[in-house]
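Q: Generate the whole structure from the sequences, applying the supplied hints.
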Amino acid sequence: MFWYFFWAFIGILAGVALGFFIARKYMMNYLKKNPPINEQMLKMMMMQMGMKPSQKKINQMMSAMNKQMK
0 MFWYFFWAFI GILAGVALGF FIARKYMMNY LKKNPPINEQ MLKMMMMQMG
50 MKPSQKKINQ MMSAMNKQMK
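Everything in the sequence shown is counted per numbering that gives the first Met the number 0, starting at 0 for the first residue and increasing by one.
Simulated from the structure, these hints should not be mistaken for laboratory data. As the structure is a computational prediction, the values presented were derived from the model and not from experiment. Think of the CB as a built atom: it goes at the ideal place given N, C-alpha and C, for glycine as much as any other residue. Check the hints yourself; a few may be wrong.
Label-pair ranges, simulated between beta-carbon atoms [said to hold, decoys possible]:
hint: 1; residue 1: 49; residue 2: 13; range: 47 to 55 Å
hint: 2; residue 1: 52; residue 2: 13; range: 47 to 55 Å
hint: 3; residue 1: 32; residue 2: 59; range: 32 to 40 Å
hint: 4; residue 1: 68; residue 2: 21; range: 19 to 27 Å
EDC-like mimics (lysine to aspartate or glutamate), calculated; alpha carbons at most 16 Å apart, straight line [stated by the list, open to error]:
hint: 5; residue 1: 56; residue 2: 38
hint: 6; residue 1: 51; residue 2: 38
hint: 7; residue 1: 55; residue 2: 38
A: So, in structure tokens, the structure goes:
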């Protein structure tokens, strides 16, 4: 009787750990393929803050965000 509970507990722990790592890998790949902020969104945010966004400034901010994501 004890062994049934022991193996069930071990199975649950293994399932939780495996599920965590699979979900983490999936989210990392998803965010890499679909970044939360793109150039258009960045341009609109800068315009809303009262800045005139130049393409150079947008490229600098995007590269900084991409470096931070890695």
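Q: May I ask which of the numbered hints given earlier this structure violates, with the numbers listed in increasing order?
A: Violated: hint 3 alone.
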